[in-house]
Structure formats: C-alpha cells, structure tokens
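Chemist: Each chain is listed here by its residues.
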Amino acid sequence: MGAAGVTGVLGALAEAWGEVRVHKSRVVLSLVGVFLAVFAMTTVTALGQLMAQAQQEQSERWGGRPATISVQAYDPMTGMPPAGDTWDSAVATMIERYRMTGATSVSWGDGLYRLPGGAMQVQTRTVSPSYGPLHRIEPVQGRWFREGDRTSLSPALVVNERFGEMLGITDLSTPSTVMIGGPQPVRATIVGIVREGYEQELIVYRVAGGGGPWATASAGSDAAMYGPPSLELWVPPDQVDEVMSTVQHDLGLALPDVEVMVSRLDNSELEESMALLRLAIRGAGIVVLVLGGLGVLNIGLVTVRQRIREIGVRRSFGASSGRVFSAVMLESVCATAVAGVLAVGASIVLVRNLPLQQMLNGGVPLADNPGFPVAAAVEGLVAATAVGALAGLLPAIIAVRAKVIDAIRF
Amino acid sequence: MSLLSLRGVRREVGLPDGSRLPILTGVDLEVDAGDHVAVVGRSGSGKSTLLNILGLLDSPTGGAYLLGGEPTDRLRARRRSRLRGEVFGFVFQQFNLLPRRTAVENVAAPLLYASGRAYLTRNRAAREMLDRVGLGARADQVPERLSGGEQQRVAIARALVRRPRVVLADEPTGALDVETGARVMALLTEVTAETGAALVTITHDLSVAALADRRYSLDGGHLAPLAGDAHLLAATASRSGADGPAVAGTDDAWGRPA
Chain A
1 MGAAGVTGVL
11 GALAEAWGEV
21 RVHKSRVVLS
31 LVGVFLAVFA
41 MTTVTALGQL
51 MAQAQQEQSE
61 RWGGRPATIS
71 VQAYDPMTGM
81 PPAGDTWDSA
91 VATMIERYRM
101 TGATSVSWGD
111 GLYRLPGGAM
121 QVQTRTVSPS
131 YGPLHRIEPV
141 QGRWFREGDR
151 TSLSPALVVN
161 ERFGEMLGIT
171 DLSTPSTVMI
181 GGPQPVRATI
191 VGIVREGYEQ
201 ELIVYRVAGG
211 GGPWATASAG
221 SDAAMYGPPS
231 LELWVPPDQV
241 DEVMSTVQHD
251 LGLALPDVEV
261 MVSRLDNSEL
271 EESMALLRLA
281 IRGAGIVVLV
291 LGGLGVLNIG
301 LVTVRQRIRE
311 IGVRRSFGAS
321 SGRVFSAVML
331 ESVCATAVAG
341 VLAVGASIVL
351 VRNLPLQQML
361 NGGVPLADNP
371 GFPVAAAVEG
381 LVAATAVGAL
391 AGLLPAIIAV
401 RAKVIDAIRF
Chain B
411 MSLLSLRGVR
421 REVGLPDGSR
431 LPILTGVDLE
441 VDAGDHVAVV
451 GRSGSGKSTL
461 LNILGLLDSP
471 TGGAYLLGGE
481 PTDRLRARRR
491 SRLRGEVFGF
501 VFQQFNLLPR
511 RTAVENVAAP
521 LLYASGRAYL
531 TRNRAAREML
541 DRVGLGARAD
551 QVPERLSGGE
561 QQRVAIARAL
571 VRRPRVVLAD
581 EPTGALDVET
591 GARVMALLTE
601 VTAETGAALV
611 TITHDLSVAA
621 LADRRYSLDG
631 GHLAPLAGDA
641 HLLAATASRS
651 GADGPAVAGT
661 DDAWGRPA
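Protein sequence lines correspond, in order, to chains A and B. Going by this note's numbering, 398 is the number at position 398 of the first sequence; the sequence numbering is gapless. Going by this note's numbering, 502 is the number at position 92 of the second sequence; the sequence numbering is gapless.
Derived by calculation from the structure, the hints in this document are not laboratory data.
Reference excerpt, derived from the structure (chain B facing chain A, CB under 10 Å, subset only):
id, residue
1, Thr459
2, Asn462
3, Arg490
4, Leu508
5, Arg511
6, Leu521
Partial list, derived from the structure: chain B residues whose beta carbon lies under 7 Å from chain A:
id, residue
7, Leu467
8, Arg488
9, Ser491
10, Arg494
11, Gly495
12, Phe500
13, Pro520
14, Leu522
15, Ser525
16, Tyr529
No residue lacks a Cβ here, since even glycine has one placed at the ideal position from N, Cα and C.
Could you put the whole structure together from the sequences, leaning on the hints where they help?
Modeler: Have a look at this one:
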C-alpha cells in the first residue's frame with residue numbers, strides 16, 4: 001500500500017471517528033441496543049456454558065464420564081460375587097491386555113460408625129482412588145483419596161457434609177477421625193468432605209484397600225442387599241459397544257461359573273441434551289443480537305438521510321463513492337466494536353462476580369471450571385462488529401446512491 | 411490549451427412523462443488560470459447545472475468538456491472524484507459548513523481526502539487559511555456561533571485550502587446582506603487572485619458579476635457574453651440608490667475595487 005493508500009485509510013478512520021465524536025448522543029443511543037444485546041448474548045452464552053458444565057458434572061458424578069461401563073459378576077446359583085482373588089486376577093489380565101487406563105472398583109454396603117449420638121449404620125461406598133476423577137468428585141474441604149491411602153493403617157474416608165456436621169467437623173486442617181465399629185473397631189481418618197446427599201442423608205466413601213486400581217472391596221454380606229461389587233471402566237464413547245462385548249466375552253471365559261453383566265453407566269443422552277441446551281442458548285442470544293442490530297440499523301437509516309447534505313459536501317471535496325461508503329460503514333463498525341468491547345467487559349465482570357457455583361452446582365466447586373469462556377468473549381466481539389457492518393451496510397448504500405447535486409442544493 | 415473548455419455542452423433531464431427537458435442547449439466556455447468569470451441568469455436558467463458540470467459533480471448529455479485538454483467523459487468515477495478534490499474548490503450559497511465541527515475542522519475537511527504531507531499537516535494549513543480570511547481568532551468556534559459573513563469566509567477558506575486551480579462559487583452572496591456580500595466577494599476575489607486560481611462565479615446579482623473580468627449571461631440554456639455595459643451600469647446604479655453602495659470600496663463602473 002502506497003503513501004496515498006495509507007493516508008486514505010487514516011483519512012477514512014479519522015472521518016469515521018470525527019462522526020462518532022460529533023454525534024455522541026446519537027451514537028450512544030444507537031449503541032445502547034448493541035451493548036445490551038452483546039452483553040446479553042455473551043453473558044447468556046457464558047452462563048449457558050457454565051450451566052452445561054455444572055449439569056454435565058452433576059450427571060457424571062452419578063454415572064461417570066462418557067463413556068463409563070459397569071461390569072458386575074455373580075454366581076447365578078447363589079447370587080454371590082466370585083472370590084476376590086479370582087475376580088481381581090481376571091480383571092487384571094483383561095486390563096493389561098487392552099491397556100485400559102481408566103478403571104475403578106466400587107462396592108456398596110453399610111458401615112457402622114460411632115457418632116456423637118451413638119453408633120449408626122451409614123451407606124458406604126468402598127471405592128478405589130480413581131473413582132474420584134472418573135466421577136468428577138470435588139471435595140468442598142480436604143481432598144479425595146490417593147493411591148497411598150490404600151495401605152494406610154487408618155482407613156481413609158471421604159464423608160458428606162451432614163456426616164461431618166454430626167462429628168462437629170468445621171475444618172479439616174486438623175486431623176479428624178471416626179471409629180468404625182464392628183467386631184474389630186478401627187479408627188478411620190476423614191480426608192475430605194463432599195457436598196452430596198439430600199438433607200439428613202449420610203454418605204461415606206471408603207478407600208478400597210490393597211491391590212491395584214481395580215481391587216474390589218470385600219463384598220461380605222452387603223452383596224446380597226446392594227449387589228456385587230462392580231468394576232467401572234472409562235472408555236472412548238465411540239468404542240463403547242465394542243469394549244462392552246469384549247469385556248463380556250473375556251471375563252466370561254476367565255470366570256466360567258460366573259454370570260458377567262456389562263452395562264453402560266453414564267447418561268449416553270447427556271451429550272445430546274447438552275447440545276440441545278447450547279443450541280437453545282445460542283438461538284436466544286442471536287435473537288437478542290438481531291433486535292439490537294435492528295435498533296442500530298433504524299437509527300443509522302434515519303441519520304443518514306439527515307446527513308445527505310453533508311455527504312454531498314464531502315463529495316465536492318473529492319470523496320469517492322468508496323470513501324463515502326467506507327466512512328459510513330466504518331462509523332457504524334467502530335462504534336459497535338467499542339460497544340462490543342464494553343459489553344464483553346461488563347459480562348466478564350458480572351459472570352466472575354456472580355456466586356455461580358452456588359447457583360448452578362449446589363455450591364460444589366466445578367471439577368473443570370471453564371472460567372469465562374474465551375469463545376463467548378470472541379463471539380461477542382465478532383457479533384458486535386458484524387452487527388455494525390450489517391447495520392451500516394444499508395445506510396452506506398443510501399449514502400453512496402444519494403444524488404450529490406440534490407444533496408448540496410437543499 | 412485552456413484549463414477548462416466547454417464545447418457545445420448540452421444537458422437534458424428526463425421528465426416523469428417521458429419527455430426531455432433541455433437545460434443547457436450548447437454552451438461554449440473557456441476558462442484559463444487566473445481568470446475571473448461571472449455567469450448571470452435568472453433562477454432556473456441552468457446556472458447551477460453549468461457549475462456542477464464544470465466541477466465534475468454532473469456530466470453533460472452532449473458536447474464536450476475538456477479539463478486541462480483531457481475529455482472528461484472518459485474519466486472513471488474514482489478519478490473524477492480525485493480531480494474534483496484537487497482541481498476545484500466550491501463555495502455554496504448556503505455555506506454548507508459541516509455542523510458541529512469547528513471552523514478549523516471545516517477548513518481542514520477537504521484535506522482528509524488529500525494524501526501525504528497535505529493530509530498530515532491539514533490542521534496547520536486550515537489555521538493559516540483562516541488567518542488569511544481574518545478568522546484566526548475564531549478558528550475553534552462551531553458554525554452555529556458564527557455570523558453569516560463569517561460562515562461564508564470559513565467556506566472560502568475551505569474552498570482554497572487545497573490550493574485549487576479553479577474556485578466555483580454558486581451564488582456566494584445569496585444568503586448575505588448587500589454590505590456583507592460585497593466584503594465577502596472582495597475577499598474571495600482577492601484571495602483567489604493571490605493563489606492564481608481561476609474564479610467562476612454564478613450569480614443573479616449584477617454587482618457581484620461586475621467584479622469579474624468576463625461576464626456571461628445564461629438564458630434559454632445558451633451562454634452569451636453579457637450585453638451592454640449601460641445595462642449593467644444601470645442595474646448597479648439602481649441597486650446602489652436603493653441599498654447604498656452595492657460594493658463597498660469600489661469606484662469603477664463595474665464596481666471593481668479601485
């Protein structure tokens with residue numbers, strides 16, 4: 001671009017900026033609509049993404065991440081699970097062979113805990129440490145289990161808030177313990193507190209002892225009530241059917257007298273419903289933006305007619321059609337881009353300062369907090385500029401097509 | 411070779427009933443650098459159309475218009491715009507200052523379409539030109555706070571700021587009282603002469619036309635040298651009798667400065 005080209009661009013920008021400066025009130029008036037539209041769209045998009053994330057994590061806390069498959073095995077005659085050693089060995093072989101990385105065991109049962117009001121039976125899930133990441137469990141205090149907890153002499157527990165309250169735990173910075181009753185009482189260490197359960201419901205997670213990541217907890221008599229322990233495998237969603245049949249086949253061969261049940265645990269329709277939710281949010285944002293853009297267009301059309309004489313005078317100064325077009329267009333684009341920046345800024349301030357985890361996720365920290373989605377910010381800026389360009393297009397065409405002679409005469 | 415040359419220029423416009431209305435029916439005119447030409451005529455005689463054609467704001471429907479020897483009918487739109495900005499300065503009857511911009515911003519506005527140094531030094535050039543028309547002290551006032559005469563002086567400064575080769579003035583005193591109009595015309599004539607630009611004034615005021623070196627009348631779409639000094643003198647005397655001196659500080663039969 002030569003010197004004339006550079007000064008041409010600078011001149012067009014200076015002209016556009018001059019227009020914005022001189023017509024402050026009109027510009028501000030037209031930009032209120034764009035500001036609100038971009039603000040609404042960006043905020044709704046950002047909140048929507050956070051909400052979708054919260055919903056997804058809530059769903060995954062229950063059913064695991066996509067795709068989680070649950071494997072259970074029991075003797076069809078007795079209903080009891082296979083012997084721990086046999087089961088662990090079969091599972092270990094299978095995991096080794098297929099190099100599966102996401103595997104966890106979980107068994108449900110009741111534990112007897114000595115609480116201040118007396119001993120109480122509390123639903124207890126004995127899990128391997130990998131259960132936490134697989135189910136996106138984020139403690140509100142303390143931490144989730146580590147591999148080292150398996151060999152600890154004092155079994156590690158993660159309890160829900162209600163359980164903690166009953167023990168009078170307010171802070172986990174100092175060690176908190178609880179006695180697990182039974183024939184051989186043992187003092188367990190509470191390493192974390194999670195926000196789970198309804199009202200008075202007590203929940204305890206206990207780390208599975210010994211073994212590798214798939215090690216089962218002792219099934220005991222609880223298996224009869226809660227079913228046999230299960231193995232959960234985290235597999236790529238597009239291979240889920242293949243993996244399910246392979247697991248069924250391999251474990252069936254390794255455990256000949258045992259019935260192996262393989263099922264998908266996560267909500268396979270979640271992706272679809274999340275996509276629908278995101279689509280609805282996006283649709284609402286676009287409608288809002290279009291309304292804002294129509295406001296800018298309306299004011300742009302009215303004012304370009306009032307400025308026809310001025311445009312005619314500028315033509316007499318030597319302004320070409322292209323220059324008149326770009327000046328009107330740039331004025332609109334510059335102004336809406338500024339409104340877009342302000343709107344995105346306001347949206348970031350709002351979203352960052354809202355107690356969103358309280359509102360969206362029941363106070364549980366998001367495992368993967370997406371923060372303010374960059375995509376929403378970029379989208380807001382692009383949308384604002386695009387609205388400016390579209391809303392400036394029609395007035396710019398009118399400005400170019402205005403008859404100079406008539407414009408300067410009246 | 412003339413700076414501007416009109417040869418048998420015609421201009422017609424279409425009417426809603428499909429017929430054609432002739433406005434200019436064969437105009438011949440030569441303008442050279444430094445010329446001061448006046449065209450007088452009644453309202454609706456086609457004076458403004460002639461000026462618009464000269465300033466490349468309009469195009470003839472027949473005949474030839476040569477600008478510096480180059481036929482203008484072959485100019486592309488972009489080059490027409492560029493030539494319009496570089497060669498011509500316009501002074502309008504209604505001043506046509508950009509509202510809410512200061513005098514200096516108004517005068518600098520044509521330089522927004524210039525390039526290089528002229529673009530970059532536009533504000534300084536604008537202030538110098540305002541100084542020249544005696545408005546240096548009011549450079550930062552918006553037009554709404556200036557009198558009619560001051561506004562037209564700003565318009566003259568704006569017309570001259572790009573150092574045009576031709577200044578086209580369309581009824582430059584039409585919106586001013588006689589005395590102010592005379593002062594403005596004297597200034598326009600003087601400043602244009604200083605810069606060596608040609609000045610083409612269209613007017614229906616014979617005392618304004620009297621300041622020109624060459625005077626034409628436009629009647630029935632045809633341009634002809636203005637007939638008879640006696641006729642013009644009588645008209646000037648008649649105005650002077652009614653309104654006082656038509657042109658302040660003038661003393662010859664044409665009302666030209668002494």
